[in-house]
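J.: Work the whole structure out from these sequences, hints included.
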Amino acid sequence: MMDARARGTLSQPSRTARFVGAIEAMVYAVIFAVVLALVAMLFGAAAVQSRQASVLERAIELASETAEAFCADPLEVAAERQDDGLTASCAVDRSPRPFGFLYEARIEVREGGTVVYERTASRYVSARAEGDRR
Amino acid sequence: MSARLPGHPLAHRQALASDRARPFTLALLAIFMLAMLLALLLGTQVYRSLDDRRAETDARRLAYGTLVNAVKANDALDAVSVEHAGASDTLSMVQRTASGDFVTRLFVEDGELMQSYAAVETPSDSIVAHGLFSTDTFVVSYERGLLVLKTDPVTVSVALECVQPSLEGGAVVGGEGGTA
Numbered sequence: 091m092m093d094a095r096a097r098g099t100l101s102q103p104s105r106t107a108r109f110v111g112a113i114e115a116m117v118y119a120v121i122f123a124v125v126l127a128l129v130a131m132l133f134g135a136a137a138v139q140s141r142q143a144s145v146l147e148r149a150i151e152l153a154s155e156t157a158e159a160f161c162a163d164p165l166e167v168a169a170e171r172q173d174d175g176l177t178a179s180c181a182v183d184r185s186p187r188p189f190g191f192l193y194e195a196r197i198e199v200r201e202g203g204t205v206v207y208e209r210t211a212s213r214y215v216s217a218r219a220e221g222d223r224r
Numbered sequence: 002m003s004a005r006l007p008g009h010p011l012a013h014r015q016a017l018a019s020d021r022a023r024p025f026t027l028a029l030l031a032i033f034m035l036a037m038l039l040a041l042l043l044g045t046q047v048y049r050s051l052d053d054r055r056a057e058t059d060a061r062r063l064a065y066g067t068l069v070n071a072v073k074a075n076d077a078l079d080a081v082s083v084e085h086a087g088a089s090d091t092l093s094m095v096q097r098t099a100s101g102d103f104v105t106r107l108f109v110e111d112g113e114l115m116q117s118y119a120a121v122e123t124p125s126d127s128i129v130a131h132g133l134f135s136t137d138t139f140v141v142s143y144e145r146g147l148l149v150l151k152t153d154p155v156t157v158s159v160a161l162e163c164v165q166p167s168l169e170g171g172a173v174v175g176g177e178g179g180t181a
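These protein sequence lines are chains A and B, in that order.
Per the working numbering, the very first residue in the first sequence carries number 91; after that it's consecutive.
Per the working numbering, the very first residue in the second sequence carries number 2; after that it's consecutive.
One should not assume that every hint holds.
[Said to hold, decoys possible] To be clear about the criterion: a stretch of chain B counts as covered by chain A if any three or more of its residues have a C-beta under 8 Å from a C-beta of chain A, and this derived list gives those stretches:
#	region
1	35-47
2	56-65
3	141-155
For the record, the hints were derived by calculation from the structure and aren't laboratory data.
Idealized CB from N, CA, C, for every residue including glycine.
T.: Okay, here's the thing in structure tokens:
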């Protein structure tokens, strides 16, 4: 009689306590998983931004190299240069000026199909110097 | 509130339930600890990668800026010359002033690019040079107004504004250079 009563009174709170404990553990696990996911996302975002900054730095260097090559000789500058997965394209426009020509270059650096960096460069070449170069 | 004696049946059942729950709690704790360790490992790897990339970018930027500034600051008519000595070159840039001629030299010594600045007539053994950055390679080439300096961290191209007969190996022709 005593055992049955004890069993009856004990089994109900014990199941409830176990159920509450399991729910509590699940809530902890979910919170922990969410925090871990957020931290992983932050790490991933930091890595991506670092890579983008590095690519931008290389793109600026490549654009400067192309601009210097253009300014050294606007008639012979390569239309495309490639370095480390980046492609620099140089479109040159020539317009007549008194006693010479103004060369303007539009330089675009792409990674894949995306433009990473672009800049312009200009150079005046006298008609006499252009005749000498040609 | 009500403390049960060890011999009490309720205390015995509670102890049994606690024993059953213990492995689950331990497993949960182990999973949490493992996940925290993994997160820590991931974090250190990301940080190491960021730091490596930053150091590499800093080295490139330092080398690029130093070389471009040194050449552009000394870009004058027939000021630049190159001496090919051994595996690496020496770039000399002369600055002509009313007080005399001064020369800036860039060369490699003990795995470092060195820069010296002295009067032209100063004996070479009394010239003091200071290190710019680490490199074993320093190769200078010049073609049609474009001076190319190749070092370990970076290759730099500089369009010289003034003609350099000593680099072209001939007389001054045209006399035009350019700037970006």
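J.: Taking a Cβ-Cβ distance under 8 Å as contact, does the region 35-47 of chain B have three or more residues in contact with chain A?
T.: holds (count 5)
J.: Given that the region 141-155 of chain B was listed as covered by chain A, double-check it with a C-beta distance under 8 Å for 3 or more residues.
T.: holds (count 4)
J.: Count the residues of the region 56-65 of chain B with a beta-carbon closer than 8 Å to any beta-carbon of chain A: does the count reach three?
T.: The restraint on the region 56-65 of chain B holds, since 5 of its residues have a Cβ under 8 Å from chain A and three suffice.
Taken one by one, the earlier hints all hold for this structure without exception.
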